[in-house]
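*Asks:* What follows is each chain in one-letter form.
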Amino acid sequence: MILRSATVAAEYDKALELVGDLAATAPAAAEELLRLVRTFDYQGVMDRLGS
Amino acid sequence: MVDDTPANLQMLADILKKRGYRARPVPSGRLALQAAKADPPDLILLDINMPVMDGYEVCTELKKDPNLAAIPVIFISAYGETADKIHAFSAGGSTTSPSRFMWRKSRHGCRPPTTSPTAARDGKLARPAA
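So the sequences go chain by chain: A and B.
Start counting the first sequence at 1; every next residue gets the next number (the numbering used here).
Start counting the second sequence at 52; every next residue gets the next number (the numbering used here).
Calculated directly from the structure, the hints in this document are not laboratory data.
Don't take each hint at face value.
[What the hints assert, rightly or not] To give a feel for the contact side, a few chain B residues facing chain A, derived at Cβ under 7 Å:
#1 Pro57
#2 Leu60
#3 Arg75
#4 Pro76
#5 Val77
#6 Pro78
#7 Leu82
#8 Ala86
#9 Ala89
#10 Asp90
Glycine residues also receive a C-beta, built at the ideal position from the N, C-alpha and C atoms.
Construct all of the structure, not just a fragment, from the sequences and the given hints.
*Replies:* In structure tokens:
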């Protein structure tokens with residue numbers, strides 16, 4: 001499951017897991033996405049991911 | 052579960068996950084509808100008092116969608132809000148949890164209760180289950 005699908009479906013734990021995976025390759029982006037997911041700001045995550 | 056207060060979402064998610072449920076916390080009615088359409092849940096815990104789209108509106112939209120209409124909805128509300136307690140008790144089959152949440156199962160769609168606050172004050176409400 002990709003991060004977009006996880007956020008659209010509000011799969012909180014899966015979204016955290018996917019963002020955690022991202023931390024190894026893009027730590028700054030992962031940190032920002034982690035903050036958004038932890039506050040349940042799925043719209044913010046989708047906005048960051050773009051269309 | 053749908054609640055505009057992140058702390059409530061986190062607490063409910065923790066409670067449910069400890070009991071083996073897969074929790075999908077959502078902070079708004081609009082995102083809840085989107086999430087439900089993407090992957091219909093088995094049950095929805097729905098806060099009543101939310102900005103932009105309140106719980107009754109969300110439930111009404113859910114019931115309009117044939118793919119989502121059968122999903123049971125439990126309304127939740129902060130314990131201290133008298134108006135919500137009146138709504139919940141007036142619907143019958145209501146109960147209060149020992150926590151700060153009160154739950155009402157919506158078995159017959161999303162119609163608001165017909166008992167008025169005046170009737171509630173006069174003791175004409177259904178009593179919560181023991």
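*Asks:* Hint by hint, say whether it matches the structure.
*Replies:* Each hint, compared with the structure:
A hinted interface residue such as Pro57/B counts as satisfied when its beta carbon comes closer than 7 Å to some beta carbon of chain A; here the least separation is about 6 Å, so the hint holds. Hint status for Leu60/B: holds, given a least beta-carbon distance of 6 Å to chain A, under 7 Å. Restraint check, Arg75/B versus chain A: the minimum CB separation of about 4 Å is within 7 Å; hint holds. Hint status for Pro76/B: holds, given a least beta-carbon distance of 5 Å to chain A, under 7 Å.
A cut of 7 Å between beta carbons decides the hint on Val77/B: the least distance to chain A is about 5 Å, and the hint holds. Contact between Pro78/B and chain A, as hinted, is supported at the beta carbon level, the nearest pair being about 4 Å apart and thus within 7 Å. The beta carbon of Leu82/B is positioned within 7 Å of a beta carbon in chain A (closest approach about 6 Å), and the interface hint is therefore held. Interface hint at Ala86/B: satisfied, since its Cβ lies 4 Å from the closest Cβ of chain A, which is below the 7 Å cut-off.
Below 7 Å, beta-carbon pairs count as interface contacts, and Ala89/B has one with chain A at about 4 Å; its hint therefore holds. Satisfaction of the interface hint for Asp90/B is found here, the shortest Cβ-Cβ separation to chain A being roughly 4 Å, below the 7 Å cut-off.
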